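Colleague: Each chain is listed here by its residues.
2 protein chains.
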Amino acid sequence: MPNKYVYFFSKDFTEGKKEMKNLLGGKGANLAEMSNLKLPIPPGFTITTEACELYYTNGKKYPEGLDKEVLANLEKLEELMGKKLGDAADPLLVSVRSGAAASMPGMMDTILNLGINDEAVVGLAKRSGNERFAYDSYRRFIQMFGNVVLGVEHDKFEEVLEGVKKKKGVHHDLDLDTNDLKEVVAQYKVLVKKETGNDFPQEARTQMWKAIDAVFGSWNNDRAIKYRELYNITDLKGTAVNVQSMVFGNLGETSGTGVAFSRDPSTGENKYYGEYLMNAQGEDVVAGIRTPMHVSGLEKANPAIYKQLIEFKDILEKHYRDMQDMEFTIQENNLFLLQTRIGKRTGFASVKIAVDMVHEGFINKQEAIMRVKPEDIDQLLHPSIDPAEKYISLAKGLPASPGAAIGEIVFTAEKAEKMAEMSKKVVLVRKETSPEDIGGMNAAQGILTATGGMTSHAAVVARGMGKCCVAGCSELTINSDNTCRIAGHTFKEGDIITLNGTTGEVIAGALKLQAPDITGSFEEFMKWVDEARTIGVRTNADTPKDSIVARKFGAEGIGLCRTEHMFFEGNRIEAVREMILADDKPGREKALNKILPMQKDDFVGIFEAMNGYPVTIRLLDPPLHEFIPHTDRELKELSESSGVDFEKLKDKAQKLKEFNPMLGHRGCRLAITFPEIAVMQTEAIIRAALEVKKQGIDVHPEIMIPLTGTEKEFIYLRDIIVETANKIFEEKKDTVKYLVGTMIEIPRACVVADKIAETAQFFSFGTNDLTQMTFGYSRDDAGVFLKDYLSKEILPKDPFQVLDQEGVGQLVKMGIERGRKTRPELKVGICGEHGGEPSSVEFCFNAGMNYVSCSPYRVPIARLAAAQAKIKKG
Amino acid sequence: MPNKYVYFFSKDFTEGKKEMKNLLGGKGANLAEMSNLKLPIPPGFTITTEACELYYTNGKKYPEGLDKEVLANLEKLEELMGKKLGDAADPLLVSVRSGAAASMPGMMDTILNLGINDEAVVGLAKRSGNERFAYDSYRRFIQMFGNVVLGVEHDKFEEVLEGVKKKKGVHHDLDLDTNDLKEVVAQYKVLVKKETGNDFPQEARTQMWKAIDAVFGSWNNDRAIKYRELYNITDLKGTAVNVQSMVFGNLGETSGTGVAFSRDPSTGENKYYGEYLMNAQGEDVVAGIRTPMHVSGLEKANPAIYKQLIEFKDILEKHYRDMQDMEFTIQENNLFLLQTRIGKRTGFASVKIAVDMVHEGFINKQEAIMRVKPEDIDQLLHPSIDPAEKYISLAKGLPASPGAAIGEIVFTAEKAEKMAEMSKKVVLVRKETSPEDIGGMNAAQGILTATGGMTSHAAVVARGMGKCCVAGCSELTINSDNTCRIAGHTFKEGDIITLNGTTGEVIAGALKLQAPDITGSFEEFMKWVDEARTIGVRTNADTPKDSIVARKFGAEGIGLCRTEHMFFEGNRIEAVREMILADDKPGREKALNKILPMQKDDFVGIFEAMNGYPVTIRLLDPPLHEFIPHTDRELKELSESSGVDFEKLKDKAQKLKEFNPMLGHRGCRLAITFPEIAVMQTEAIIRAALEVKKQGIDVHPEIMIPLTGTEKEFIYLRDIIVETANKIFEEKKDTVKYLVGTMIEIPRACVVADKIAETAQFFSFGTNDLTQMTFGYSRDDAGVFLKDYLSKEILPKDPFQVLDQEGVGQLVKMGIERGRKTRPELKVGICGEHGGEPSSVEFCFNAGMNYVSCSPYRVPIARLAAAQAKIKKG
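Order-wise, the sequence lines are chains A and B. Using our numbering, the first residue of the first sequence is number 5, and each one after it goes up by one. Using our numbering, the first residue of the second sequence is number 5, and each one after it goes up by one.
It cannot be assumed that every hint is accurate.
Remember, identical chains collapse to one label, so a pair may be satisfied in a single copy or spanning two.
Said to hold, decoys possible - Here are the simulated lysine-lysine pairs, DSSO-like style, with alpha carbons at most 30 Å apart: (1) K304 - K801; (2) K589 - K230; (3) K656 - K796; (4) K22 - K598; (5) K652 - K796; (6) K594 - K42.
It is worth saying that the hints were derived from the structure and are not from the lab. The structure displayed is predicted, hence computed values, not measured ones.
Taking the hints into account, I'd like the entire structure generated from these sequences.
Modeller: In structure tokens, the structure reads:
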């Protein structure tokens, strides 16, 4: 039996169905399905994706038998329609449209009105009684076919059309009359001849074959390839080709065309939503030449059609059990459906529709959970630009922390704080931020930086704060005179800008924002999510305030409390600097004793917020030079305020300077050189724990040693911690249970995890640093080449955003396996930025981690990703 | 049967032998062995190391039966000697000495003359007819026992002795008469009473037991523990204790004591070598109070004794089949041997003795190979400080590159070059060196830096040049006024210093040096070495000159040719900077075209030097900012010389600056951003190869891509290389075989080695960078904490010097296994600094590598290490 390459669809005879999407493409399968549902679908046939695949494997030749099968189906269609393709008296016109199994909107080719020629246009005019329509269709066809199939530039056709309109002195296509259109047709044909050297093909079947060729060819055009790579669409055979009899929305005022959604794709509300244009074909709606009307307008203008539309969308939504995005055409008061598909929607809508559909009995909770994309959740947690706002962005940086922010530009953290005190809303604009800017970042609505990537200081801190941030905006330069240039425009301090942290856009002036809403559907949805998942979700939080926010977002404890951020607050930095500048251990201890009570109070607040949940506290991690200024001017100021000799300060700063701070004197290496730091921090943790325990708080401190690379580092510090804790227990005549574990963020730690687990009670994978060292990429510097790497497809994703499962992931798995070999009950988590990235959360779940930890605003995303991972695995 | 803890030795009855070293310690086993050989050994007995081990496991109690066994042996000894311990009339005196299985010179305790008390001293005086001798022995005993056993400070005894000498107005111990010595004894006893609260113990057996306790105790004194850790001595049970009847070198002018070597330990010459003192005990030789005489002096002074000494050393050398280090005592013209052991020797001597002993039929070639320590070879390849020179060093840095250098201090590379042109010898003194200093480093005799470790730029480059270097000398500070301070002394430009790169010492003024000699025994030895080994040894060489040197040292090809060093030479740097500053690809290509012919010529020279051997050329690796200056002053100069606007230059320098250059835009990442660099370098390599091929040179280029982390990076550049090569082949109508492979120096590359090996034809492990990234240590910054890590024993060795087999080594093995899984014939080598470090070479051999590659001057070391690894494995 020969292969079957063509599937017919019509009211009475349809060979396909929606389950055949891989073979017929999304469009073909849904046209068949709708035909089966007896909805008014113009009949036609679909050439399979297999045929496309064979076309490519055969060196761009059709598989044997395809031509005959197409012709047989065409004849069947002609018979059904009672018209013949290219017939001079009463021509059948068809559309030839691509349609792959995955939606790739606008990426591949479409030709409408195929089958007209110099004779058929006359017949079409006569049969339709509408000569203008016939020539309008012909000129549309020449233009589309000329561009898509024959490769004549679109602009050249537009020039001709504009020329005719200009000559006539009109602005709109609709103002052209039949004679004008005839003139356009004539000039178009001249243009095609000039550009291609050949006459415009008059033979209708030749037109069809060329169109099919073009659609197959478009599967591998640059933009389609790019699109598939961008959206990671793989394993498709190719595109299907849909040849469908035309219906015409351009037959006059009783005709029209439109697009509609079965629910509001923006809010998720269960109300019909869409746009239409009368006397138009599909491309007019898309091209935006005329402003379409809201579909609800049809209710008055044409109640019968409107009723039908409502009826059809109900049928389709019920049938597909999801919100539908439909194309329709009205031909002389007859409604036809041309396409239906699952509609794209905002995050808000996604959650609402999923929850509503569970209540409406369309789907179950698991399906609802799988339908919401974790990233969608992000939108719900931040104020965002009102979807109704239309704007042009000035420049685009990295979408470092989602949401939107509006404010006056300020260039320093101090200014941001000062302005915030005066209740002004500001956007902090910096080349890059440093830990000293924390106060100003907190005071600002949003942060914009010129350099730095998705995991730069600005980005990480902003996400932690749930604050909008656009980072690495290369078109931003900051001048020394309190102005900056963004993409060639100069802005001064006080000028207002809007940031869209979800897209990375920077916009001049203020746009309208909408507030996040985490109640209602969202709340209900997240309850289902938590019921479905099995892996824990903690948060990275450094302050009592963050801890409270994170609990609200559903965090089940803290996976990473970075103590260094506490070192910058208020006047602590002075004591920290005193410690750094001390000449000996007693001097350092004296300074540390000043920090101790403050650090203890932080922990008290955090323990209170996390009553009943574990709190993982990481000992001091960053290199000491991060705490002292670097420029002579700042050093002079410090010298004056601290009374320390300037030269001594400068010398110290010089000595602390490192070539590669990322690989320098930091993490546990600091505490090994200066054990007194670990002693002070342990004291603060244990004293705080005992204090809150007295108040009845259920406290579970987990002390975490950063940057461990050898088991001896761990043992050295673990001994100091245990000894310090025991001393306090003795002094206070009370104890508290605590764990001592380690970050696993050095490749070597993964390799020798079995040895480290002999003493470490838990592992927390720091995949930020682990990614840096496994790849040998500095996240502060990699921006320069990562761009090339992504565009040249050397890397599929930025590994700082999406965990590199192939490389870094293998080390993570090795670390878990080896660690659990020594200590089967080893508690394992992740606390890098990846802990809030859906595909990475799935990886962590499958790798057997106990929990993931991420910034407060990503906790709900991680919860959803965790639930989906569990459902997927079954 | 009860355990046996004590072994007797005497002319007629000896229970031990040399093979029982683990049980009896080196000294005890050799005393037994010599007794068996019927050599004149004062009899005695050895308490086993097992007894010591049990002493510790029992909580510092003797194992059951030990006391009885010791007493039985003591009685046997008393009977044999016809004297009794502590006998008032004719006392037996013994020495009690430690002796573990491994030599730990001076680390543990020794007590001589044990058994004297207030009564016995009188008997001793009478029996010996030498009252002065008796009291001299007594005061020596109180002093030694008081210090070692009773814990009275050595200085306090010296104070007493000095007091008596002062009172008498003499300088030397020998000038004290019997009465003076009686006074010393009396005062010593008062001192002991005062310091310990007890009288000096008079009972001889008590003295013995306390001495045994002390020797056992000394096994775990701080310096012994430290020593064992330093020399990695593990798995020993403990120390043995040797109780031996005393013979006396202090009985007058017919008595004496000495130390001798069976061959010259400095040159290896087969001639008797040693020193002795008449009328003295062993400690006098060691303490340097009197200057000992050369043993050859005895030939005249006492021909009979001398003849005996020669006879005994011949017996011992023949018996032990190695050069012996012997202690002897002459007691009233009777010769006794007190110890023999394998003698320590210089590298020169080591090779000569091994080769001579093969010729003399003592040992076979494999034994000779195993006897020479690879590090010893190092001494042979560099000029070194004449062993006869006695000096005090000013300061100590890291022994970064061996050998010695003398020269005038200069502080800049330019000055070094200028001075060298005037035939002046200079030492380049820098805070640290950078690639721009290459010329000056080459011109200097040696390099001294204040910062940087064993793999700092200065160290790596110096070793590559075979040039002496002391790096990271923390006591060095360089002032801005062309002076520097070394350990508190100020030196100005032009002052002469000497560097000892083998020890890291810095010495003021000029010392006498000796030249290396690589002919004669060394040449013969290395021939045997090459016959024995199976793994290849290549060199890291960047210039034709280095290549020639390396061939002379036996390199079988180049494992790493770093092309960036070529970028600094002469006026190339200008073209390189032109490339960096170019705004676009054509601009870069124009500049690269200027470099092309120069780079091609380098390769021609290298290929010629390596005729018949493979040459692995690494594409450009360092970040571009290394090629442009950083200070405003230098930038201004560059602006003037290049005609490029200063602001533009500064902006470029700013843009290229990186937070962590080690993890930045370098390695293959550069060539992916700027493929034209890879094109130019490939062109230079292939054109050079074709050119030398025409001249009849057998050329084997291997093009190596640095810093590969993903297979796609490799494929991207491999394609560019192959395409470029093919174009030239077509143009020249000729081809040459070449390979394209990669460095494996990123942890991720080890993890995905299977994928990389799909296209890569060879792997070369860059263990410098791999160590940096696997540990997360920047080698430029790690000095600060590595010191602590080594002193706190968190790391056993500096992992930049000795490959970390536990961590980094596991990744290397993984990389080899995975790579060979895909491509079983994959050629694998190492080209990090570890390629010349003996234990690392052994690791590479066992891991199945095809070759190691190291700097030219380490090639012979690697060859020897490779041969030893093979012999060890069998």
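Colleague: It remains to establish, for every hint, whether it holds in the given structure.
Modeller: Taking the hints in turn, this is what the structure says about them:
| no. | hint | result |
| --- | --- | --- |
| 1 | K304 - K801 | neither (50 Å within a copy, 86 Å between copies) |
| 2 | K589 - K230 | between (60 Å within a copy, 24 Å between copies) |
| 3 | K656 - K796 | between (44 Å within a copy, 24 Å between copies) |
| 4 | K22 - K598 | neither (70 Å within a copy, 64 Å between copies) |
| 5 | K652 - K796 | between (49 Å within a copy, 29 Å between copies) |
| 6 | K594 - K42 | neither (85 Å within a copy, 69 Å between copies) |
Going through the hint list in order, the structure does not satisfy hints 1, 4 and 6.
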